[in-house]
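Engineer: Read off the chains here:
2 protein chains.
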Amino acid sequence: MTHDEIDLERLVKFNSDGLVPAIVQDSTNNEVLMMAWMNLESLRLTLSSGRTWFYSRSRQELWAKGDTSGAIQEVMSLLYDCDGDTLLIKVIQRGSGACHTGNYSCFYRDLIADSKMAS
Amino acid sequence: MTHDEIDLERLVKFNSDGLVPAIVQDSTNNEVLMMAWMNLESLRLTLSSGRTWFYSRSRQELWAKGDTSGAIQEVMSLLYDCDGDTLLIKVIQRGSGACHTGNYSCFYRDLIADSKMAS
Numbered sequence: 001m002t003h004d005e006i007d008l009e010r011l012v013k014f015n016s017d018g019l020v021p022a023i024v025q026d027s028t029n030n031e032v033l034m035m036a037w038m039n040l041e042s043l044r045l046t047l048s049s050g051r052t053w054f055y056s057r058s059r060q061e062l063w064a065k066g067d068t069s070g071a072i073q074e075v076m077s078l079l080y081d082c083d084g085d086t087l088l089i090k091v092i093q094r095g096s097g098a099c100h101t102g103n104y105s106c107f108y109r110d111l112i113a114d115s116k117m118a119s
Numbered sequence: 001m002t003h004d005e006i007d008l009e010r011l012v013k014f015n016s017d018g019l020v021p022a023i024v025q026d027s028t029n030n031e032v033l034m035m036a037w038m039n040l041e042s043l044r045l046t047l048s049s050g051r052t053w054f055y056s057r058s059r060q061e062l063w064a065k066g067d068t069s070g071a072i073q074e075v076m077s078l079l080y081d082c083d084g085d086t087l088l089i090k091v092i093q094r095g096s097g098a099c100h101t102g103n104y105s106c107f108y109r110d111l112i113a114d115s116k117m118a119s
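Chains as they are written, first to last, in this note's numbering: chain A, 1 to 119; chain B, 1 to 119.
Everything labelled a hint here was simulated from the structure, so no lab data went into it. Honestly, I wouldn't trust all of these hints.
Remember, identical chains collapse to one label, so a pair may be satisfied in a single copy or spanning two.
In the DSBU-like style, the derived pairs of lysine-lysine whose C-alpha atoms are separated by at most 30 Å in a straight line are [as the list claims (entries may be wrong)]:
| hint | residue 1 | residue 2 |
| --- | --- | --- |
| 1 | K13 | K90 |
| 2 | K13 | K116 |
| 3 | K90 | K116 |
Based on the provided sequences and hints, a complete structural model is requested.
Structural biologist: Structural data, given as structure tokens:
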């Protein structure tokens, strides 16, 4: 086990499933692009490769963001919160955006507006 | 059951514990302030009161942000992501900041810098 591994496990609190939520933010304008989950291995891969890697809870596997879409995220900084149980990753977003729908951000819908329309 | 209740449960996917992560962002500069969890009741209280309410997993109770600290968060918009399982709330942050440590944001530590220092 390297120093890096020991240290990450001390600094970051993974939940009972071994995961931590990672918020991804565009470093150029601070827009929030997406939220996904990381396990220790995807966090280590993110740090070593300089691009975001996540853990898919549905597929139960690691995935490198942008491998199929080209929407690679280059890591500019990686912050962790006061409780050590949430990550905030500032990136340069390549391609047209972060969302699999084709939108720039995954947060393209307004709950208040949509609630009123539907009720 | 009101239309609002039906609708929120249709639009937002709560996890097996009945919770959804809520990212809170400063609407004035897009800085990410914190991440906390909401259940259906805290989401309804947030929408009806116009300020953030969360659910504390450790204390197992609802809490209104700022009730003890004065650091109230006025909701400007409430977005939900492509999967419907994460919220993004843009707020006006009152008081000195969002974090219980006294920091403006809960994300005041850099994992890469701290890993290198400790190893």
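Engineer: Next step is simple, just say for each hint if it's right about the structure.
Structural biologist: Hints and how they fare:
{"no.": "1", "hint": "K13 to K90", "result": "both (20 Å within a copy, 26 Å between copies)"}
{"no.": "2", "hint": "K13 to K116", "result": "between (38 Å within a copy, 18 Å between copies)"}
{"no.": "3", "hint": "K90 to K116", "result": "between (33 Å within a copy, 18 Å between copies)"}
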